[in-house]
Amino acid sequence: MNGGLSLTGDKRSYLIGQTEIAARALQPALYLVATPIGNLADITLRALETLAAADIVACEDTRVSRVLLERYGIRRRTTAYHEHNAQEAGPKLIEALAAGQSVALISDAGTPLVSDPGYRLVGEALEQGIRVVPIPGPSAALAALTASGLPSDAFLFTGFLPVKTGQRLTKLETFKQVPATLIFFESPRRLAETLGAMVEALGGERKAAIGRELTKAFEEMRTGTLAELADHYAAADTPKGEIVICVGPPEAAEDQPADVDRLLLSLAAEMPASKAAAEAAKMTGGQKQALYRRLLELKDRP
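Under full-length UniProt numbering, the residues of the sequence shown are numbered 1 to 302, in order.
A portion of the hints provided could be inaccurate.
[To be verified] 25 Å max Cα-Cα, derived DMTMM-like pairs, lysine to aspartate or glutamate:
hint, residue 1, residue 2
1, Lys171, Asp153
2, Lys216, Asp237
3, Lys288, Asp237
4, Lys240, Glu60
5, Lys299, Glu279
6, Lys164, Asp153
7, Lys11, Glu88
8, Lys240, Asp261
9, Lys171, Asp261
10, Lys164, Glu193
11, Lys176, Glu228
12, Lys176, Glu219
13, Lys207, Asp237
14, Lys216, Glu60
15, Lys288, Asp261
16, Lys216, Glu205
17, Lys92, Asp153
18, Lys92, Asp108
Honestly, the hints are just simulated from the structure, not real lab data.
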């Protein structure tokens, strides 16, 4: 896709290559529009039409967003909405929405509200009976997860960790036993220090991946154990660009037969055998039928 600045004044349109496309009218609503995390070609057609048609485009940084809008010939009114002015700008956006206008909310990159301000605005809009419409698209967290090679059936996005050492370790300790891949954003300046803290709190043998500059020219995915990655970045120069850290789940501890037997008998004292087996299967990851047979064997013992 290529675009340029449209010379259509306030005309609501966008450019695909040299083709100008008129944007259809939007119904009054708050539109949460995902934008590229690096490569501007990752914008969706629906996102382009929404941005071109919205009465107001609310941006985390209007200077950053202007690059995207000009690339696709979109000339819409923009206003700043970020963590430092949310208390002032938020009510004005709600007022515009209540008056029947359409507002498109975008962040500097990726999906709005993901480690960005906006959830209070969404909450207020919903309380006011204003429609909220997600326009899905790029997400740095999901891009890193899918390329990490780590389990993706369950994951926990935690955003940025605390900057202070003690608070960071305390926060990491709360994630130690979470049976899911953990996803963090981090500053390149703190990457080596954070990986060292992860080794201390989570264990150096955990599998992990570092995504850097995703979708950009110097995109990199580096994988290994936490200890290996911590050693690498401790010795390397400070990396450049946006960083996503993915940490695999802890190894599942194998339940000892005696522990499973005690669990089955404890559950069976409070519920029918079939339900007890089903509950034990959920808690241990075992097979329900095998646990049911084992429970019957235990009950038949003198």
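Status of each hint after checking the structure:
1. Of the supplied pair hints, the one linking Lys171 and Asp153 holds, its CA atoms being roughly 23 Å apart against a limit of 25 Å.
2. Taken as a hint, the Lys216 and Asp237 pair is honoured in the structure, with Cα atoms around 20 Å apart against an allowance of 25 Å.
3. For the proposed pair Lys288 and Asp237, the alpha carbon gap of about 52 Å is over 25 Å, so the pair is violated.
4. Using a Cα cut-off of 25 Å, the hinted pair Lys240 and Glu60 holds, with the two alpha carbons roughly 22 Å apart.
5. Of the pairs offered as hints, the one joining Lys299 and Glu279 holds, with about 17 Å between alpha carbons and a cut-off of 25 Å not exceeded.
6. At roughly 31 Å between alpha-carbon atoms, Lys164 and Asp153 are farther apart than 25 Å, so this suggested pair is violated.
7. A C-alpha spacing of about 29 Å is found between Lys11 and Glu88, which places the hinted pair above 25 Å, so the restraint is violated.
8. With a CA separation close to 53 Å, the supplied pair Lys240 and Asp261 exceeds the 25 Å bound.
9. Taking the CA atoms of Lys171 and Asp261, the gap is about 35 Å. The hint is violated against a cut of 25 Å.
10. Between the alpha carbons of Lys164 and Glu193 the distance comes to roughly 11 Å, so the proposed pair stays at or under 25 Å and holds.
11. As the CA atoms of Lys176 and Glu228 are separated by approximately 19 Å, the hinted pair is consistent with the 25 Å bound.
12. With a C-alpha separation of about 29 Å, the suggested pairing of Lys176 with Glu219 is violated against the 25 Å cut-off.
13. Restraint check for Lys207 and Asp237: the C-alpha separation of about 22 Å stays at or below 25 Å, so the hint holds.
14. With a CA separation close to 20 Å, the supplied pair Lys216 and Glu60 stays within the 25 Å bound.
15. At roughly 13 Å between alpha-carbon atoms, Lys288 and Asp261 fall within 25 Å of each other, so this suggested pair holds.
16. Among the hinted pairs, Lys216 with Glu205 is inconsistent with the structure: their alpha-carbon atoms are about 30 Å apart, more than 25 Å.
17. For the hint pairing Lys92 with Asp153, the CA-to-CA distance comes to about 40 Å; that exceeds 25 Å, so the pair is violated.
18. This hinted pair checks out: Lys92 and Asp108 have alpha carbons roughly 20 Å apart, not beyond 25 Å.
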